[in-house]
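K.L.:
Residue numbers (numbering that gives the first Met the number 0), protein chains in the order written: chain A, 0 to 319; chain B, 0 to 301; chain C, 0 to 310.
A hint or two may mislead.
As the list claims (entries may be wrong) - DSS-like, lysine-lysine: derived pairs with alpha carbons at most 25 Å apart:
#  : chain 1 : residue 1 : chain 2 : residue 2
1  : B       : Lys29     : B       : Lys192
2  : C       : Lys9      : C       : Lys296
3  : A       : Lys215    : B       : Lys291
4  : A       : Lys83     : A       : Lys27
5  : C       : Lys148    : B       : Lys203
6  : C       : Lys9      : B       : Lys192
7  : B       : Lys203    : B       : Lys192
8  : C       : Lys27     : C       : Lys296
9  : A       : Lys70     : A       : Lys2
10 : C       : Lys296    : B       : Lys192
11 : C       : Lys170    : B       : Lys192
12 : B       : Lys203    : C       : Lys228
13 : A       : Lys27     : B       : Lys192
14 : C       : Lys9      : C       : Lys200
15 : B       : Lys203    : C       : Lys262
16 : C       : Lys27     : B       : Lys192
17 : B       : Lys32     : B       : Lys192
18 : C       : Lys170    : C       : Lys129
19 : B       : Lys192    : B       : Lys181
20 : C       : Lys228    : C       : Lys262
21 : C       : Lys262    : C       : Lys296
22 : C       : Lys200    : C       : Lys228
23 : C       : Lys129    : C       : Lys148
24 : C       : Lys250    : C       : Lys228
25 : C       : Lys250    : C       : Lys296
26 : A       : Lys224    : A       : Lys213
27 : C       : Lys228    : C       : Lys170
28 : B       : Lys181    : B       : Lys58
29 : C       : Lys27     : C       : Lys228
30 : B       : Lys58     : B       : Lys156
31 : C       : Lys129    : B       : Lys192
32 : C       : Lys250    : C       : Lys262
33 : A       : Lys213    : B       : Lys58
What the hints assert, rightly or not - Negatives, chain B to chain C, calculated, CB over 10 Å:
#  : residue
34 : Leu53
35 : Gln57
36 : Gln70
37 : Leu188
38 : Leu197
39 : Pro211
40 : Ile218
Read the hints as simulated data drawn from the structure, not as lab findings. Just so we're clear, the structure is a prediction, and the values are computed from it rather than from any experiment. For glycine and all other residues, C-beta sits at the position ideal for the given N, C-alpha and C.
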Amino acid sequence: MWKTILRRLLIMIPQIILLSVLVFILAKSLPGDALTGMLDPSVDPSMLQEQREKLGLNNPWHIQYWDWITKAVQGDFGQSFRFKMPVMDLIGQRINNTIWLSLVTLVLTYLIAIPLGIISGRYHDTWGDRIITGYTYLGFAAPLFIFALLMLWIFGFHFQMFPTGGSVAPGLAPGTFDYMVSKIYHLLLPALSMALITTVSTVQYLRSEIIDIKQKDFVLLARAKGASESRVYTHHILRNSLLPIAAFFGFEITGLIGGTVFIEYIFSYPGMGQLFLNSILIRDFSVVTALVLLYGIASILGSLISDIILGIVDPRIRIK
Amino acid sequence: MDKASRLVEDEVYEPSASPSSWQILWREIKRDKLALASLIFLGIVVAAVYGVSLILDQKQIVTVDLFALYQPPSSKFWLGTDYGGRDVFGQLIIGTRNSLSIGIIVTVLTGVIGILAGLISGYFGGTVDNVAMRVVDFFMILPTLMIVIAFVAAVPKYSVVSFSLIMTAFLWMGIARLIRSKTLQERELEYVKASRTLGSSHLKIMFTQVLPNLSSIIIVTMTLNLAANIGLESGLSFLGFGFPESTPSLGTLVSYARNPQTLEFRWWIWLPASLLILVLMLSINNVGQALKRATDARQRRG
Amino acid sequence: MALLEVRELKVHFPVYGGVFRRVIDRVKAVDGVSLNIEAGQTYGLVGESGSGKTTTGRAIIGLNPVTSGRILFQGEDIGDGMRRSRSRFRRDIQMIFQDPYSSLNPKKRVLDIVAEPLRNFERLSAAEEKRRVQELLAQVGLSAETIHKYPHEFSGGQRQRIGIARAIALKPRLIIADEPVSSLDVSVQAQVLNFMQDIQKELNLTYLFISHDLGIIRHMCDYIGIMYKGRHVEQGTTRDIFENPQHIYTKRLLAAIPDLDPKQREIRHRQRESVRLEYEEAYSRYFDDEGLACDLKPLSTTHFAALPERG
Chain A
0 MWKTILRRLL IMIPQIILLS VLVFILAKSL PGDALTGMLD PSVDPSMLQE
50 QREKLGLNNP WHIQYWDWIT KAVQGDFGQS FRFKMPVMDL IGQRINNTIW
100 LSLVTLVLTY LIAIPLGIIS GRYHDTWGDR IITGYTYLGF AAPLFIFALL
150 MLWIFGFHFQ MFPTGGSVAP GLAPGTFDYM VSKIYHLLLP ALSMALITTV
200 STVQYLRSEI IDIKQKDFVL LARAKGASES RVYTHHILRN SLLPIAAFFG
250 FEITGLIGGT VFIEYIFSYP GMGQLFLNSI LIRDFSVVTA LVLLYGIASI
300 LGSLISDIIL GIVDPRIRIK
Chain B
0 MDKASRLVED EVYEPSASPS SWQILWREIK RDKLALASLI FLGIVVAAVY
50 GVSLILDQKQ IVTVDLFALY QPPSSKFWLG TDYGGRDVFG QLIIGTRNSL
100 SIGIIVTVLT GVIGILAGLI SGYFGGTVDN VAMRVVDFFM ILPTLMIVIA
150 FVAAVPKYSV VSFSLIMTAF LWMGIARLIR SKTLQERELE YVKASRTLGS
200 SHLKIMFTQV LPNLSSIIIV TMTLNLAANI GLESGLSFLG FGFPESTPSL
250 GTLVSYARNP QTLEFRWWIW LPASLLILVL MLSINNVGQA LKRATDARQR
300 RG
Chain C
0 MALLEVRELK VHFPVYGGVF RRVIDRVKAV DGVSLNIEAG QTYGLVGESG
50 SGKTTTGRAI IGLNPVTSGR ILFQGEDIGD GMRRSRSRFR RDIQMIFQDP
100 YSSLNPKKRV LDIVAEPLRN FERLSAAEEK RRVQELLAQV GLSAETIHKY
150 PHEFSGGQRQ RIGIARAIAL KPRLIIADEP VSSLDVSVQA QVLNFMQDIQ
200 KELNLTYLFI SHDLGIIRHM CDYIGIMYKG RHVEQGTTRD IFENPQHIYT
250 KRLLAAIPDL DPKQREIRHR QRESVRLEYE EAYSRYFDDE GLACDLKPLS
300 TTHFAALPER G
């Protein structure tokens with residue numbers, strides 16, 4: 000057990016190094032450098048050259064990489080040239096919104112997936128199952144951005160049931176009850192749009208898992224011993240099929256990151272995804288590289304958590 | 000005896016493909032009415048889109064016409080015009096063609112790279128395989144979307160070619176992993192060892208013995224990947240990081256919905272493209288899932 | 000000179016473990032096996048599963064790496080040669096596989112399967128190749144029309160015949176037959192075995208016959224080697240082994256052969272019991288602490304057994 004966790008942790012080290020190299024290559028290939036943001040166009044070019052030398056931008060790449068990585072570890076990603084503030088502060092303003100969006104989406108995902116999956120698996124080949132399967136089919140094929148756009152059009156603009164942008168109504172003081180309500184209200188449509196799509200794979204997994212386990216010998220035995228149908232489900236089937244699903248949430252993080260970029264863009268929701276896209280458009284590249292690195296680390300951590308939980312709940316899937 | 004000797008003389012030797020996976024899969028599709036309908040629909044769309052785009056005057060379609068801004072659908076503009084007075088229907092045809100083309104190109108490129116990498120890694124195994132698969136795992140964990148966007152922004156001379164290469168660079172890992180795990184199973188079978196004892200080289204065994212046994216899985220995966228790649232391309236174009244605007248894609252048309260006015264009141268610009276993406280992906284997925292069920296079932300039977 | 004001579008063959012597999020997946024142990028699948036096979040003879044290698052008999056066969060044909068020891072074919076060291084695809088010994092040594100289902104590529108027609116070795120070693124025109132394949136199929140008793148069929152269209156026995164046709168395509172001298180009939184129906188087994196004997200006479204083949212079934216071994220082989228945990232416990236002519244077994248393990252194996260005569264049941268049962276008692280009592284003398292057999296000692300010019308030192 001501990002060996003598995005240790006091995007999994009060790010795998011993470013090269014992953015983080017690989018990620019940092021990838022992001023460094025990205026940072027170097029993006030046009031502009033740290034000075035682009037700090038200096039006026041009126042500055043003398045020879046001064047600029049001097050500054051470059053001082054900042055070590057003419058050093059060989061491995062020394063530059065080392066400088067960059069030591070700073071990054073301390074949370075120093077340089078300045079945003081557009082907002083004239085440290086990149087980390089800028090991200091700090093947005094990160095909460097994205098975390099909330101992801102959390103609500105994750106909760107909704109499971110709230111939808113578990114009942115649908117159980118109904119679909121337990122009563123499979125009934126009309127209810129067919130409708131749910133049809134939905135998962137549709138959701139599996141539908142691209143998130145199209146679906147979210149349709150949701151915004153129908154529920155945001157046509158029925159005007161939800162706000163069509165922002166993370167909170169203007170003019171409310173943070174900390175008040177109204178502020179909280181408004182925040183959740185603004186979150187609901189984006190989160191629901193994303194959850195309805197991301198939940199599909201979990202529903203499909205749960206359904207096939209339940210149908211699989213239903214025919215296993217230990218379930219048949221429990222029935223033969225006279226356990227009631229609901230007891231068979233709660234004690235034997237769900238215990239075996241829900242645990243892996245709970246563990247999958249770490250893997251969902253990578254998907255969530257991609258999803259939030261689209262969702263924040265479509266719903267004009269001020270989170271990291273929107274910041275990412277805007278920064279690229281205005282060529283604020285120090286923000287871009289910092290975000291890619293953060294997203295990468297979040298994904299790596301997510302898969303680490305899932306792998307470890309899976310290893311604990313299901314010894315069969317332990318990595319070798 | 001007579002008959003046998005006659006056979007030897009008369010019959011011409013004609014090399015034919017191994018038991019065609021295509022034939023088997025085609026049989027399965029014919030049985031699945033939804034998949035068959037999807038396939039016919041796809042055939043019609045592909046024929047129509049590539050056919051009509053030959054006739055259409057592309058230059059005229061992408062030229063701005065200030066006297067025809069935001070026209071609703073009419074007999075002249077079947078699907079109205081956009082903010083530049085450009086014919087939406089024409090853009091829809093060209094956009095579909097471009098989206099399909101890049102989807103196919105990226106699917107084939109990732110397919111070739113993934114199959115090669117997976118086959119070699121799985122067949123030889125060992126340290127190289129271990130390291131390669133760790134790297135593949137790593138890239139599969141990463142949020143591909145953001146990285147592709149960032150690299151799109153980094154490319155100085157951006158074009159359709161560089162776009163497909165960037166997409167390919169980050170999308171071949173999935174199929175490589177799948178092919179690798181299937182190859183691992185396959186190489187343990189005795190027919191691979193038999194081929195060794197018969198003097199076939201590793202290369203020959205990989206491509207002429209193992210690969211044919213993976214053909215159904217490859218067809219299924221490539222089909223599902225095609226849908227995913229079209230979705231990813233249109234998504235990137237929607238965000239403004241796909242095709243350059245001079246080359247409209249389905250995602251470009253959908254991206255006009257970023258203007259709230261357009262989203263709310265000028266449905267003819269973005270809705271047809273959105274629905275077309277939806278239906279295209281649904282159809283390709285229907286075909287792919289039907290094929291998948293077919294191969295899964297055959298594997299269960301052995 | 001023996002056609003095939005194996006000297007002190009060892010095949011060890013590494014076992015990986017620990018956090019870094021390093022080699023922590025070795026499985027000694029074959030641990031010092033020597034044998035001689037004379038041309039035209041059939042040498043039977045017997046043992047329970049895991050005794051290393053299959054690994055021995057596979058090491059000779061190059062499917063398993065040889066850790067140490069020498070393999071001589073007609074007096075020439077083939078060494079690691081069989082690991083390469085174009086070894087010059089490749090044509091001389093061929094193999095018949097245990098499982099007629101997985102040993103034929105399901106995606107290939109019979110023509111392609113049987114022609115594979117020909118395509119690797121001989122430049123034949125399509126028509127010549129086809130004629131050769133049809134001759135080979137006729138030799139194993141399959142009709143010429145079968146060349147366009149796929150393996151799944153045949154029964155297990157027929158598939159094994161296809162496998163044999165493929166193995167004899169290059170006119171080998173030695174064929175390693177690894178449990179060639181054990182996955183076939185009993186009714187078909189005898190058929191295939193007799194056919195293998197016919198073909199042996201016809202083509203002057205030498206067999207290394209690997210099996211766990213002593214009945215089949217007795218029927219097929221001139222010379223027998225009995226293996227246990229990667230080592231020989233006894234070696235001798237069929238007569239030596241069946242009429243004068245020396246090693247307790249051999250005795251126990253022989254005692255386990257079922258007797259079809261119900262009247263003998265009681266007697267056989269008592270024999271089996273006494274052999275079992277002898278086995279348990281003498282085990283520690285015949286095997287060392289790791290359960291490995293002693294070195295072989297000559298009892299006659301043909302008969303060897305791993306007997307403990309006297310005293």
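K.L.:
Decide, hint by hint, whether the structure agrees.
P.N.:
Results of checking the hints against the structure:
no.: 1; hint: Lys29/B to Lys192/B; verdict: violated (37 Å)
no.: 2; hint: Lys9/C to Lys296/C; verdict: holds (19 Å)
no.: 3; hint: Lys215/A to Lys291/B; verdict: holds (24 Å)
no.: 4; hint: Lys83/A to Lys27/A; verdict: holds (21 Å)
no.: 5; hint: Lys148/C to Lys203/B; verdict: holds (22 Å)
no.: 6; hint: Lys9/C to Lys192/B; verdict: holds (21 Å)
no.: 7; hint: Lys203/B to Lys192/B; verdict: holds (13 Å)
no.: 8; hint: Lys27/C to Lys296/C; verdict: holds (22 Å)
no.: 9; hint: Lys70/A to Lys2/A; verdict: violated (33 Å)
no.: 10; hint: Lys296/C to Lys192/B; verdict: violated (36 Å)
no.: 11; hint: Lys170/C to Lys192/B; verdict: holds (19 Å)
no.: 12; hint: Lys203/B to Lys228/C; verdict: violated (36 Å)
no.: 13; hint: Lys27/A to Lys192/B; verdict: violated (49 Å)
no.: 14; hint: Lys9/C to Lys200/C; verdict: violated (32 Å)
no.: 15; hint: Lys203/B to Lys262/C; verdict: violated (59 Å)
no.: 16; hint: Lys27/C to Lys192/B; verdict: holds (22 Å)
no.: 17; hint: Lys32/B to Lys192/B; verdict: violated (41 Å)
no.: 18; hint: Lys170/C to Lys129/C; verdict: holds (17 Å)
no.: 19; hint: Lys192/B to Lys181/B; verdict: holds (16 Å)
no.: 20; hint: Lys228/C to Lys262/C; verdict: violated (35 Å)
no.: 21; hint: Lys262/C to Lys296/C; verdict: violated (38 Å)
no.: 22; hint: Lys200/C to Lys228/C; verdict: violated (33 Å)
no.: 23; hint: Lys129/C to Lys148/C; verdict: holds (14 Å)
no.: 24; hint: Lys250/C to Lys228/C; verdict: holds (16 Å)
no.: 25; hint: Lys250/C to Lys296/C; verdict: holds (17 Å)
no.: 26; hint: Lys224/A to Lys213/A; verdict: holds (15 Å)
no.: 27; hint: Lys228/C to Lys170/C; verdict: violated (34 Å)
no.: 28; hint: Lys181/B to Lys58/B; verdict: violated (48 Å)
no.: 29; hint: Lys27/C to Lys228/C; verdict: holds (8 Å)
no.: 30; hint: Lys58/B to Lys156/B; verdict: holds (22 Å)
no.: 31; hint: Lys129/C to Lys192/B; verdict: holds (24 Å)
no.: 32; hint: Lys250/C to Lys262/C; verdict: holds (22 Å)
no.: 33; hint: Lys213/A to Lys58/B; verdict: violated (61 Å)
no.: 34; hint: Leu53; verdict: holds (39 Å)
no.: 35; hint: Gln57; verdict: holds (45 Å)
no.: 36; hint: Gln70; verdict: holds (57 Å)
no.: 37; hint: Leu188; verdict: violated (5 Å)
no.: 38; hint: Leu197; verdict: violated (4 Å)
no.: 39; hint: Pro211; verdict: violated (4 Å)
no.: 40; hint: Ile218; verdict: holds (14 Å)
Violated hints, listed in ascending order, are 1, 9, 10, 12, 13, 14, 15, 17, 20, 21, 22, 27, 28, 33, 37, 38, 39; each of the other numbered hints is respected by the structure.
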